[in-house]
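A.B. asks: Chains as they are written, first to last, in my numbering: chain A, 252 to 557; chain B, 484 to 814; chain C, 458 to 705.
No wet-lab data here; the hints were simulated from the structure. All values derive from a computational prediction rather than experimental measurement. No residue lacks a Cβ here, since even glycine has one placed at the ideal position from N, Cα and C. Check the hints yourself; a few may be wrong.
Below are the SDA-like pairs computed for lysine to any residue, each with C-alpha atoms no more than 25 Å apart in a straight line [what the hints assert, rightly or not]:
hint, chain 1, residue 1, chain 2, residue 2
1, C, 533, B, 770
2, A, 512, B, 640
3, C, 571, C, 600
4, C, 571, B, 716
5, C, 653, C, 487
6, A, 512, A, 535
7, C, 571, C, 537
8, C, 653, C, 544
9, C, 528, B, 612
10, C, 571, B, 673
11, C, 574, B, 696
12, B, 532, B, 770
13, C, 533, B, 713
14, C, 533, B, 608
Sample of chain C residues lacking proximity to chain B, with all beta carbon distances greater than 10 Å (derived) [stated by the list, open to error]:
hint, residue
15, 469
16, 487
17, 673
18, 693
Facing chain A, according to a computed beta carbon distance under 10 Å, are these residues of chain B, among others [claimed, not checked]:
hint, residue
19, 527
20, 613
21, 615
22, 625
23, 628
24, 629
25, 631
26, 635
27, 655
28, 787
29, 792
30, 795
Chain by chain, the residues run as shown.
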Amino acid sequence: MSTLFLIQLLNGLQLGVLLFLLAAGLTLVFGIMDFVNLAHGSLYMLGAFVCASLTFFTGSFVWGVVFAIPIIAIIGYLFEVLIVRHLYESNHLDHVLATFGIILIADTLVQLSWGPEGIAIPLPDYLSGQVEILPDIIFPTFRLLIISSGLLIAAGLYWLITYTRLGMLIRAGASNRTMVSALGIDISTLFAGVFALGAVLAGVAGMLIAPITEATIGMGNDIIITAFVVIIVGGIGSMKGAFIAAILIGIIDTLGRSFLKDILEIFNESASAETAGPALSSMLIYIIMAIVLALRPQGLFPPKVR
Amino acid sequence: MSAQKKAANLDEYLKAPSLFGFGIGRIMTIVLMVLLFILPLIAWYMGNKFYLDFSSRIVCLAIAAVSLNLILGFGGMVSFGHAAFVGIGAYAVGIPSHHGYESAWLHFPLAMIAAAFFALVTGAISLRTKGVYFIMITMAFAQMAYYFFLSLEEYGGDDGMTLWSRSDFGFLNITDKLTFFLLSYALLALCIYLVFRIVNSRFGMVVRGCNSNEARMKSLGYNTYAYRLTAYVISGAMCGLAGALMANLQDFITADTMTWTRSGELMFMVILGGAGSVFGPIFGTGVFLLFEEILSAYTIYWHLPFGVLLILSVLFIKGGVNGLIQRAWKT
Amino acid sequence: MTEMLLQVKGLKKSFGGVIATDDVALDVRLNEVHAIIGPNGAGKTTLISQLFGEQLPDAGSVFFKGKDITKLPIYKRADIGLARSFQVTSVFLDFSVLDNVALAVQAHSGHSFKFWKPASTEIQLRGDAMQALVQVGLDERASSKASELSHGERRQLEIAMALATDPVFLLLDEPMAGMGIEESAFMVGLLKGLKKGRAILLVEHDMNAVFELADRISVLVYGRIIATGTPDEIRENAQVREAYLGEA
Chain A
252 MSTLFLIQLL
262 NGLQLGVLLF
272 LLAAGLTLVF
282 GIMDFVNLAH
292 GSLYMLGAFV
302 CASLTFFTGS
312 FVWGVVFAIP
322 IIAIIGYLFE
332 VLIVRHLYES
342 NHLDHVLATF
352 GIILIADTLV
362 QLSWGPEGIA
372 IPLPDYLSGQ
382 VEILPDIIFP
392 TFRLLIISSG
402 LLIAAGLYWL
412 ITYTRLGMLI
422 RAGASNRTMV
432 SALGIDISTL
442 FAGVFALGAV
452 LAGVAGMLIA
462 PITEATIGMG
472 NDIIITAFVV
482 IIVGGIGSMK
492 GAFIAAILIG
502 IIDTLGRSFL
512 KDILEIFNES
522 ASAETAGPAL
532 SSMLIYIIMA
542 IVLALRPQGL
552 FPPKVR
Chain B
484 MSAQKKAANL
494 DEYLKAPSLF
504 GFGIGRIMTI
514 VLMVLLFILP
524 LIAWYMGNKF
534 YLDFSSRIVC
544 LAIAAVSLNL
554 ILGFGGMVSF
564 GHAAFVGIGA
574 YAVGIPSHHG
584 YESAWLHFPL
594 AMIAAAFFAL
604 VTGAISLRTK
614 GVYFIMITMA
624 FAQMAYYFFL
634 SLEEYGGDDG
644 MTLWSRSDFG
654 FLNITDKLTF
664 FLLSYALLAL
674 CIYLVFRIVN
684 SRFGMVVRGC
694 NSNEARMKSL
704 GYNTYAYRLT
714 AYVISGAMCG
724 LAGALMANLQ
734 DFITADTMTW
744 TRSGELMFMV
754 ILGGAGSVFG
764 PIFGTGVFLL
774 FEEILSAYTI
784 YWHLPFGVLL
794 ILSVLFIKGG
804 VNGLIQRAWK
814 T
Chain C
458 MTEMLLQVKG
468 LKKSFGGVIA
478 TDDVALDVRL
488 NEVHAIIGPN
498 GAGKTTLISQ
508 LFGEQLPDAG
518 SVFFKGKDIT
528 KLPIYKRADI
538 GLARSFQVTS
548 VFLDFSVLDN
558 VALAVQAHSG
568 HSFKFWKPAS
578 TEIQLRGDAM
588 QALVQVGLDE
598 RASSKASELS
608 HGERRQLEIA
618 MALATDPVFL
628 LLDEPMAGMG
638 IEESAFMVGL
648 LKGLKKGRAI
658 LLVEHDMNAV
668 FELADRISVL
678 VYGRIIATGT
688 PDEIRENAQV
698 REAYLGEA
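If we strip away everything but chain A, and leave its shape as in the complex, we get (with noise of 0.2 Å):
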């Protein structure tokens, strides 16, 4: 039980680093830009369905990752370029109508392009084994992988946001947007960086996923809303808020797939529990975001008042 307890713990915080690399996006999209992308999905099947036909192309999985990535952020840019930046000024209704119409598009071209199988991506031999990582304790090395990138990239967006230049514009852009343009710096560039920031970290979670569950179409427009889950959770527009909830509804979430039906068990006949046991797990995250709202409707960690 304890093992597969760690094991399981260890699933919950590759699936939460994962929603972190989307929450990260989309809080710093609304955070800064106040727009709200219902397409961010589609930048994570993006990231799948690029890296797939890369790591094929160049015959490795990593040179796939590498090549995939700037693709994904000239994809982002011209996304940013085209369609959302004429869009700022307009309500939050018709960001969610264009952007609804980007997950269409997204979806049929993904269709047009790489037919309708999801695709496969195989993994190199030293990526693709199990290490023990504690006695008794063996875990995937890819998912390992996961894990350290995540976090690896998480600890580089802090560093980012806290230290860099370009975070500090950031930070002023959220806050006072006339401020940074009297510094005589080019918003529209910085808010299309921004954007192509966001798609990338996006585009990244779906390389990473890839490997394991197949690049599918529509793979983005499930987790998309587990990533929502993260951010109201977290507090929109907060970096921090972000990660933490992130972590914390991965392992949450995939706990309760695991144990909850056992858990039911113990205290009831084995009979409801069996129907109460998925039925109570699916939705056990959004059990935990309505009691958070009912507490705190702005999240466990509001940004400051703008």
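We have chain A already, so just place chains B and C on it with the hints.
C.D. replies: Just chains B and C, lined up with the frame of chain A:
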């Protein structure tokens, strides 16, 4: 100014609003309602069952759109989770049927009560928030409902469940396609009339006021939260009714009706018809479904032109499609 | 002594070390216009928002007719007779002028959980609303959309909406803001007629209007009231002259 002149003045400000509106909008709405009634009947008379069913689908989804319009168009609450109410309404037919209870007098009230209850609980939480939060939270709650029904293995899980016989109204046999259409049409007309009464009543003025300027409503002394929540619950119940009808129309119930892309489509139908106009959702639903039907006959990739159209309309039409349509109704 | 309607005691509020309201005491009596003046950034807006429950004070209380209303929710304040107009015009732009005022009347004639009868056919709502419009001289524009009104007319509409609830205590937040000389003169005349049977708290920059309208004036500087008195007393007060009127 004398008191008499004031009294004389007042009369012209005491007019009741007209259901069908004024001017060209009036003619348009009447033509729309008549066409929606006559065309399916002609199709049925010519023996074309497909178009009768297709019209029934427009009518059922239009009820859902009308319910969404009440809170989105008039109340300004951008709910991105309305498909959940459709699904709950559908399962309120499917689950009792599965256990042998087939009376429509159970199914339909249950559908409305269950959806209203879900609206009450989720609305109580989500209406404490505003703007983007509200959009995302309604989305998340709908997703919760989706996963919940997906996990119910006994009721089909992700395979869905077949409705072996339609709800039993006693004197009405809705297995007959024509009867079903007429019933749905009557219910749609009823819902439209209800929404018309509601939005012009005291309650409706308050909900519209909240849309226009909620802070001002509070300082005038309105408990805006209570009024908006009430509107949300009414909308949910009405949408549950649409779900019960949909289940009967399709003889099949699946959690897929609750995915958020469905909510998005529903929202688009409302916008397309001009959010905040009483008859708009019918127009929007009709155009959307026709568009889907025609495009999907040519290409399985019909989402592509649809998506492009969606973006272009938001980018290039001032005030979005909504603004365009609203201007059209008013001229 | 006349009845004291609104009383503020020891009100304090600070934002991260910056003191916005510093131990403010204030009272407003029936049949009087009590004006608050002070230079920009003196903390007038913060003070008002605490009186109306939009912000909670860190310490101190607000009493209305002897009852502590410091923490009463905003929407319940209107019920007991408080009404306000806003500095930045806050009306329902997509409603007609009459509907704007009718909505204000409706807020105080029973609950609004009435779903059937069209509100536009309720004689009482429309009648009272029309009366308020006549009072501010805006009845000719009753069926225009609020968005079509001029700036001055919107200020009049604000007053009409505040009046429509027949309040005992009326807060006017810079009613003359952005008005021309003629419009201001009209507004002064209008406000003069309003104080009977009411208490009015007036926040205003237009000194001519303040000295013409006010029965008493309080001077707020850096969140602190440095003097309260009749217009003549304030004019003579050395501290006030130094801190505020000094440069004039």
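A.B. asks: Evaluate each hint against the coordinates.
C.D. replies: Structure-based check of all given hints:
no.	hint	in the structure
1	533/C - 770/B	violated (45 Å)
2	512/A - 640/B	holds (17 Å)
3	571/C - 600/C	holds (24 Å)
4	571/C - 716/B	holds (15 Å)
5	653/C - 487/C	holds (8 Å)
6	512/A - 535/A	holds (12 Å)
7	571/C - 537/C	holds (22 Å)
8	653/C - 544/C	holds (23 Å)
9	528/C - 612/B	holds (21 Å)
10	571/C - 673/B	holds (18 Å)
11	574/C - 696/B	holds (23 Å)
12	532/B - 770/B	holds (20 Å)
13	533/C - 713/B	holds (19 Å)
14	533/C - 608/B	holds (22 Å)
15	469	holds (23 Å)
16	487	holds (21 Å)
17	673	holds (25 Å)
18	693	holds (37 Å)
19	527	violated (33 Å)
20	613	holds (9 Å)
21	615	holds (5 Å)
22	625	holds (9 Å)
23	628	holds (9 Å)
24	629	holds (9 Å)
25	631	holds (5 Å)
26	635	holds (6 Å)
27	655	violated (34 Å)
28	787	holds (4 Å)
29	792	holds (8 Å)
30	795	holds (8 Å)
Of the numbered hints given earlier, the model fails hints 1, 19 and 27; all others are met.
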